[in-house]
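Protein chains in written order, with the numbering used here: chain Z, 3 to 116; chain E, 20 to 132.
Hints should not be assumed to be uniformly reliable.
Stated by the list, open to error - Pulled from the structure, derived: some chain E residues nowhere near chain Z, Cβ distances all over 10 Å: (1) 25; (2) 30; (3) 74; (4) 85; (5) 114; (6) 119.
What the hints assert, rightly or not - Heads up, incomplete: computed chain Z residues facing chain E, CB under 7 Å, no partners named: (7) 10; (8) 14; (9) 44; (10) 104; (11) 108.
To be verified - Some chain E residues well away from chain Z (every beta-carbon gap over 12 Å; in silico): (12) 60; (13) 62; (14) 124.
Honestly, the hints are just simulated from the structure, not real lab data.
Just so it is clear, CB atoms sit at the ideal spot from N, CA and C, and this is done for glycine as well.
Here are the chains, one letter per residue:
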Amino acid sequence: EAQVTQNPRYLITVTGKKLTVTCSQNMNHEYMSWYRQDPGLGLRQIYYSMNVEVTDKGDVPEGYKVSRKEKRNFPLILESPSPNQTSLYFCASSYGAAGANVLTFGAGSRLTVL
Amino acid sequence: AQSVTQPDIHITVSEGASLELRCNYSYGATPYLFWYVQSPGQGLQLLLKYFSGDTLVQGIKGFEAEFKRSQSSFNLRKPSVHWSDAAEYFCAVGAISGNQFYFGTGTSLTVIP
Numbered sequence: 003e004a005q006v007t008q009n010p011r012y013l014i015t016v017t018g019k020k021l022t023v024t025c026s027q028n029m030n031h032e033y034m035s036w037y038r039q040d041p042g043l044g045l046r047q048i049y050y051s052m053n054v055e056v057t058d059k060g061d062v063p064e065g066y067k068v069s070r071k072e073k074r075n076f077p078l079i080l081e082s083p084s085p086n087q088t089s090l091y092f093c094a095s096s097y098g099a100a101g102a103n104v105l106t107f108g109a110g111s112r113l114t115v116l
Numbered sequence: 020a021q022s023v024t025q026p027d028i029h030i031t032v033s034e035g036a037s038l039e040l041r042c043n044y045s046y047g048a049t050p051y052l053f054w055y056v057q058s059p060g061q062g063l064q065l066l067l068k069y070f071s072g073d074t075l076v077q078g079i080k081g082f083e084a085e086f087k088r089s090q091s092s093f094n095l096r097k098p099s100v101h102w103s104d105a106a107e108y109f110c111a112v113g114a115i116s117g118n119q120f121y122f123g124t125g126t127s128l129t130v131i132p
C-alpha cells in the first residue's frame, strides 16, 4: 500500500531534550515536506526537500532541522524543543514540485513539549 | 505573495442539506487549486484538484468545486451532506513550478442529525 509513515504518532517530552520524528514514504516520491498544524493557523510548512541532499526552508523553519540522505526518508529533528513547538506535525510527499502535484500525507505526529 | 482565505472557521449543517465551503486565493498567475479533507485523528486526504480546463471539477465522496477566476474563488460544494462528512476541510494553492504549497486555515464541518 502506498503510504507515508510517521513515527512516533504521539510524544510528550520536556524542554531541551532532543527528539526526532521519522518520516518514510514507499512511493519513490522526489518531493517531501514537513508541516505543523496549529488551531486557527492551518498548516504551515517547516521544511521541504526536492530530492536527496536538497532541502530548503519553508515558512516556519526556526527550531527545526531536517536531512534527506535517502530518497524515502525525511526526518524532522528538534535539537532543543520548546513549549511553542507543541503541535501536530505532518509529513507529506509527492512526485516532482509540490505546487503542481498531489500531496500524500502521513497520519500525523502529536508532540507536546512541557 | 500567495495566500488562501477560508472565511468560515466553523459550519454546522443538517444531514441531507446542501453544503458550500468558501475559499478565496491570492496568486499572481493561474494557480493549481486543491481541497483536502482531514477526518478526526487522520492525515489529510485529497478531495479534488483543479489544474486547467473545465472550471467545475468533480471529486471523491460526491464533492465538487468551481473555479471562478474573476472572483479568485474555488468553493467546495456537496448537494446532500452525510454524517460521515464531518471533518475539517482545507483549501490549498500551489504554483506551477513552485516548491511550496499554501493552505487555508481550514473550515470545521459539523453535521447534525
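Numbers of the earlier hints that this structure fails to satisfy, in rising order: Of the numbered hints, 1, 5, 6, 7, 8, 12, 13, 14 do not hold.
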